[in-house]
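Peer 1: Here is how the chains run, residue by residue.
4 protein chains.
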Amino acid sequence: MFFASDNTGPVHPKVMEALVRANADYVSSYGADPIMDTVRQQVRDIFEAPQAAIYLVATGTAANSIILATMAKPWETVFCSRVAHIHEDECGCPEFFTGGSKLTLIDEYGGKMAPDALKVAIEAEETRGVHGMQRGPVSITQATERGVIYTLDELRALTDIARSYGMKTHMDGARFTNAMVALGCAPADMTWKAGIDAVSFGGTKNGLMGVEAVILFDPEQAWEFELRRKRSAHLFSKHRYLSAQMQAYLTNDLWIDLAKQANGACARLTSGLKQIPDVGFHYEPDVNMIFAEWSRAKHQALHDAGAQYYVWSGTLEGDDPDEKLTARLVCDWSTSDANTDRFLEVIRA
Amino acid sequence: MFFASDNTGPVHPKVMEALVRANADYVSSYGADPIMDTVRQQVRDIFEAPQAAIYLVATGTAANSIILATMAKPWETVFCSRVAHIHEDECGCPEFFTGGSKLTLIDEYGGKMAPDALKVAIEAEETRGVHGMQRGPVSITQATERGVIYTLDELRALTDIARSYGMKTHMDGARFTNAMVALGCAPADMTWKAGIDAVSFGGTKNGLMGVEAVILFDPEQAWEFELRRKRSAHLFSKHRYLSAQMQAYLTNDLWIDLAKQANGACARLTSGLKQIPDVGFHYEPDVNMIFAEWSRAKHQALHDAGAQYYVWSGTLEGDDPDEKLTARLVCDWSTSDANTDRFLEVIRA
Amino acid sequence: MFFASDNTGPVHPKVMEALVRANADYVSSYGADPIMDTVRQQVRDIFEAPQAAIYLVATGTAANSIILATMAKPWETVFCSRVAHIHEDECGCPEFFTGGSKLTLIDEYGGKMAPDALKVAIEAEETRGVHGMQRGPVSITQATERGVIYTLDELRALTDIARSYGMKTHMDGARFTNAMVALGCAPADMTWKAGIDAVSFGGTKNGLMGVEAVILFDPEQAWEFELRRKRSAHLFSKHRYLSAQMQAYLTNDLWIDLAKQANGACARLTSGLKQIPDVGFHYEPDVNMIFAEWSRAKHQALHDAGAQYYVWSGTLEGDDPDEKLTARLVCDWSTSDANTDRFLEVIRA
Amino acid sequence: MFFASDNTGPVHPKVMEALVRANADYVSSYGADPIMDTVRQQVRDIFEAPQAAIYLVATGTAANSIILATMAKPWETVFCSRVAHIHEDECGCPEFFTGGSKLTLIDEYGGKMAPDALKVAIEAEETRGVHGMQRGPVSITQATERGVIYTLDELRALTDIARSYGMKTHMDGARFTNAMVALGCAPADMTWKAGIDAVSFGGTKNGLMGVEAVILFDPEQAWEFELRRKRSAHLFSKHRYLSAQMQAYLTNDLWIDLAKQANGACARLTSGLKQIPDVGFHYEPDVNMIFAEWSRAKHQALHDAGAQYYVWSGTLEGDDPDEKLTARLVCDWSTSDANTDRFLEVIRA
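Residue numbers (numbering that gives the first Met the number 0), protein chains in the order written: chain A, 0 to 348; chain B, 0 to 348; chain C, 0 to 348; chain D, 0 to 348.
Mixed in with the good hints there might be a few duds.
If several chains are the same, the list does not tell them apart, and a pair holds so long as it fits within one copy or across any two.
Here are the simulated DSBU-like pairs of lysine-lysine, each with C-alpha atoms no more than 35 angstroms apart in a straight line [claimed, not checked]:
#, residue 1, residue 2
1, K323, K192
2, K167, K72
3, K259, K72
4, K192, K118
5, K118, K72
6, K72, K273
FYI, nobody ran anything at the bench for these hints, they're computed from the structure.
Next up, chain A with everything else stripped away, as it sits in the complex:
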C-alpha cells in the first residue's frame, strides 16, 4: 500500500533495459552522445517543434530553476501559484539561480491560478518604477501540485494575459504526461499551441530513474541555458545514461502508457474511496494524485496495516478518533490493483 509519492516506486523495466543497452562502447560525453541526437529528434517530432532546443537534466528543480533563470532577470518577479513547487519545494533554488528574483504568489484552488487573479497580480507589480520589481515570466504547473489540471482554454487564458504584458510563460511539467493523457490532447496543444514558451518535461515521476527534458520552443536563449546548466553543475559527463532513459521513454509511447497506468490506478482508488461514506475529496482528482480526508481512526488503521502516504494536514497523534485528517495519495505506473484494493479494504473496514 504505497501511495507516498510518484518518486518512491521502481523505474520501468524498459528504461532499465535501455540503460543496460547504452552501457557499451566509448561514447562522447557532455551531451554529444548519439542517443541524444535521437532524443532531440523524438522531442521535436512529438511536440511538432522542429526549432526547439532540448536539454536533459536529472532533477525537476534543476529544470525549473535553470529555465526560470534564463527567462527572468534578477530584478523581475515570477508569477506562480501559492502552492507551486518552485515556491514550496525547491528551498529557494529559483531565487538562487536567477540571482535574486522574487516569486509573486497567486491564490489558487487545486493549485490552479485563476486568470483574473493572475491579471490582478501582474497589474500590482511594476507600478513603482525603478523602486519595485519588474514583471517577469509566469510559471504554470500542469498537472498541479494538487493533482488537478488546467483545460487547454484555461491554459490559454493565462498565457494570453502574460503575452498581453509581453511576459513569457514556463510550464512545470513534472506530471506533464499525466495531465496530457487526462486531457487527451497532443503535446503541442498543451504547450506552444497554448502559448507556453518553455517546458520542464518530467520523466522522473513517470517511470524514469532521474531525467527531465527542458524544451525551449524559442531557441534564442539556448546557449545561455547551456552555460547556466553547466555552471550550476547540471551537465552530466556520462550524459548517455540520461539520453537512454529519455529515448526509451519516448519510444513506442511508453511515456503515455505509464501515465495512463498511473492515472488509471488513481481512478480505481478514487472510485473506491468515493463509495466510502465518510471520505471527502478536496478536489476532483484529474490525474494520479488524491487529496482526501477521513477520520483519524481510519488513518490509524491504515497506518497500522502498513499503508504509506502523507497525512497532509493534522497528525495521527490526537485524542479525537473522529477528527478528519487529510491524506495525499499518489499513484505511479507501478501501482498494482492489489495494492489499491488492499488499501480500500482496510479503510472500508
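Once you've looked at the hints, dock chains B, C and D against the given chain A.
Peer 2: Coordinates of chains B, C and D only, in the frame set by chain A:
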C-alpha cells in the same frame, strides 16, 4: 583506441547489476533509502571516520562547488592551482555557488602546487583589511588534472600551511582512487590523517554512471551542506539509484580494483610509448592519464586509424609534419590491452 | 504645499554647518575619522548600549539590506509586512544581498503585523525539512510605511514570538525618531529593551543629507557587516562627511527636535483635515505621514493650486468628480505652518 | 605633510558652496532633481556624447561594479590588470554584483596592461566551450593604480583588441581628470574616440565629497543600469546633493583646475625627490601619485616628523637603517607647496 577521457567508457557491470537489483519495491526518496544507510557505514568504515557526514551528488562539479560554498564565505578567496578543475572546467560554478568568492591561482607543475607557492599566495591575501578578499580554504586536486599525484608528505605540507593560517582544505578527488592505489596508502592516510577537511570522492570517472560522494570529516556544517545541495537542485528524489552505485563501488574493493585496472592500462601505454624514440613526456604519469608529445605526422596517422584522444596543444592542421603536438591520453577501468597495443602499433609505425 | 515625501525638503542648517566644519584638514578615510569615534560614543550613550557596533551608510536600503544579509542565510526567509519597504521599494535588494532569501509577507493593518499573523506565518515555514525555506529574521518597520506606530507592548509581542523560535529581529527605523517621540520613550525602550537585535536608524528622512546608522546590539557579526558593506560598495572613502552629519544630528537633541517638528506639522495638518466633512482617514496618523481620502474635485483643486503629494490610489483623471481618491501626505522638519494652512485653505474651499 | 591618499583632504570650497546653494526648497528625489538635468547636459557637452546615459553614484566601487555587472554576464570573465582596483580593493564587489564573474588578471607594469598580454589572455579564455568562462569586457584604469597613464594610442591598442573579439571596454576613471590633463586631450579623445564604451568618471578623489558619474556612451543598457543601481542600494533619495557636487565640478573647468593642481603638486614633489641621491622611482609619475623608495632611516625621520603616507612595501620596523622601503605618495588639489617643501626638507636632512 579510446583515450579521450575516463568519462567516455561504460559503467562497470557490477554497478549496472546493482542498479537493476535496487529497482524493486517502494523506497523512501531524497536520501532516506536504506541503501544510503549502508553507504554511510561503508564510507565511515573505509575512511576510519565514524563522525563523518556523507552525501551523494551526481557530478564532480556539484561535489566541489557545494563543498566550497560551505567552506568559503562570499568575501573569501579559495586557493587552488592554476589548472584546477574548479577554475578551468566548471564555468564559474564555485564563484556562483559561493556567492562571489574569488579563486587565487597558484603556479603549478603537473597540476601540483608547491608549498612555498601556496604560502606566498596566502601571505599576499588578506593584507588590505576590509578592502581585499579574506583568506578562504585551499582546494587540492588528487590526482591532479595532469595525472600526477602528491605524496602524503606533500599533502601534509600543504595542509599544514593552511592550518597554520586557520584555513580549511578541500580535496577534489575526481580521481581519488587512482591516486590512492598509486600511493598504496589507506583512504584515511590521504585525507583526514593528512589534514584534509572535506573530500569530493569521485566515482564517475572510475566506473560509476554518475555519483560522487561528499565526505565532511567535521559534520558541523552537514545541515548547511544539505540545504545548499537542495537549493542548487542536486538532491535526487530517486536517490536509491545513486546509493546503489556507491554501494556496489565500495563492496569487495571494486573501487580499488577499477582504479588499479585504469592505472595498469596507463602503465602499459606509458611503457610502450617510452620505447618510441621521439615521444616525450610532460610529466611522469602517476595514475591513468598521460601528457606526451610526438610529431604531427604520427598524430595524423593515429587520427586516421581512428584513435580518440585530445590534442592538448597545437592542432592537427599545420604544414610541418615534424612539429611536436601534445596529446592527453586517459585510460579507465575498461581500457583493454588490445586497445592499447593497437595504439602503440599505429604510433610505432 | 509640499507633502510629497520626507526626502524632498532641505537638510537642516545645523547639519550643513557641520559638513562645512568637517571640511578642513586631512583626515583618515573609510571610517577611521575621529568624528566617527564621537558618533560611536554618542550612539552607544543614547541607546544605553556600550557594546553595540555602529556603522554609517548613505541609504536606507543599504542599511536594511546589509543588515538582513548579515542576519539571514540564503536559504532562510525573512518575515515582514506585506507593505514593508524591504519588499515594495528596494527592487529586490534584500534578495540580492542575502544571496537569494525569500520574504514571507504578512498581512498588515496600517503597516503593522499582528502577533498572531506573525506566529501563523512562522509556523507555516520550515515545515518541509530541506525542501522548504528555513526561518530567518523578522523585520519590523517603526514607524510603519503607513505612518502608524507599534506600541512598546506590540513590539515586544512580536519580538517575543521571534525569540521563542530562536529568530532575530531587525527594525527598519527610516522614521525611527518620529516613532520614538510619538511614543515618548527612550531609544533603548524601543529597541534592545523591546527585543530588537539590529536597527536601521534613519537620518535621511529627518533632516540629514543621506546618512543612516546601523546599530548591531550584538557585535558578534560586526566584522561580517563591515565586509558586506565594503563588497556592496557602501563604504565611503570620505567617510567624515557621513560622520559629521550624524554627529550634528545627535548633538543637543537635534534629531528629536526635528522629529517633533515633523510630527507637529503633521498633527496640525491632520487636525485641519479632520474638520473637513468629507475627508476620511485610512489610519489614525501617529507620526508625520497621513493616508486620507477626499473627492477627485478637491484633489484637482489642490493640484491646480500647486500642491505636491502622491495620489496613492486612483488617478486624477476620471469622470466622476465625487469619487474618493486616497492621498499620501508627508511632513518633514521643514514643513511650515503657512504651507499647511495654505493646503487646508485650498481643500476647504 | 599629508600624502596618504587623494581621499583624505577637504572638499573644494566651491563644491561646499554648491551644496549649501542646493539646500533650499522642495525638490523631486531619486534623480529627478533639476540640477541633474543640468549635469546630464554638462556631461554630454563635455564628452561630445549627446546620446550618452549619465548617472551618479557615491563611491567608485559602485560605479565600477554596477557598470561591470551591466556589461558582463555571470559566466563571463572580465579582463583587467593584476593590480586593478576592481581586483584588489573592492572586496569582491565585481564578482558579487555580476553574479559570479571571474576577473582574468593580466601582468602589468605601472598598472598598465600591454596589448600583447591582453591578447594572449583573451586567446586563452573561451577555449573550453561550455566548460570554461566566456570572454567578457576589458576594464582599463586610467590613470592606473600606480600613477601612470596610457597614451591615447595605447588605449586604442587595447580597445582595438577587445573590439576584434566583440568585447566591450570599461574605463575605471577614479583619476580620470588627472590623466586627461596629463595627456592634454579632450574627454572624448580619452574615451569613446579611443574605443571606450563606459566610464566611471571620478570626482571623489578630485575635490568632491563623494560622487562618481557613470557614463554609458551606448544608452541601450541604461534602464538595466538603473535597476542594478537601485537594487544595490545606490540610488539616493536626496539625489540633488550628488547632482550639486557634479554640477559645481563641471562648471568653469573646476574639475580640470583641481586635477592640474594635484598633478602640479606631485610634479613639485617629484622634482624635489629626484634631486635626492638615494631616492629611486618605481615608475615615472604621470599624475598625482608617486611610488618611490628610500632608506628606512629616512622613512623613520619622516614618520617622526609627522609625515603621512603609506609604506607600500616593507615595514618601518626593522634592523637595517639602510634598507630601501617603498613609499606611495599621493597629492590632491589641496596639497600646498609648504606641505611638499616641508616633506622634502625632512627627507633631505
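Peer 1: Against the structure shown, which of the earlier numbered hints fail to hold, in ascending order?
Peer 2: Per hint list: 1, 3, 6 violated.
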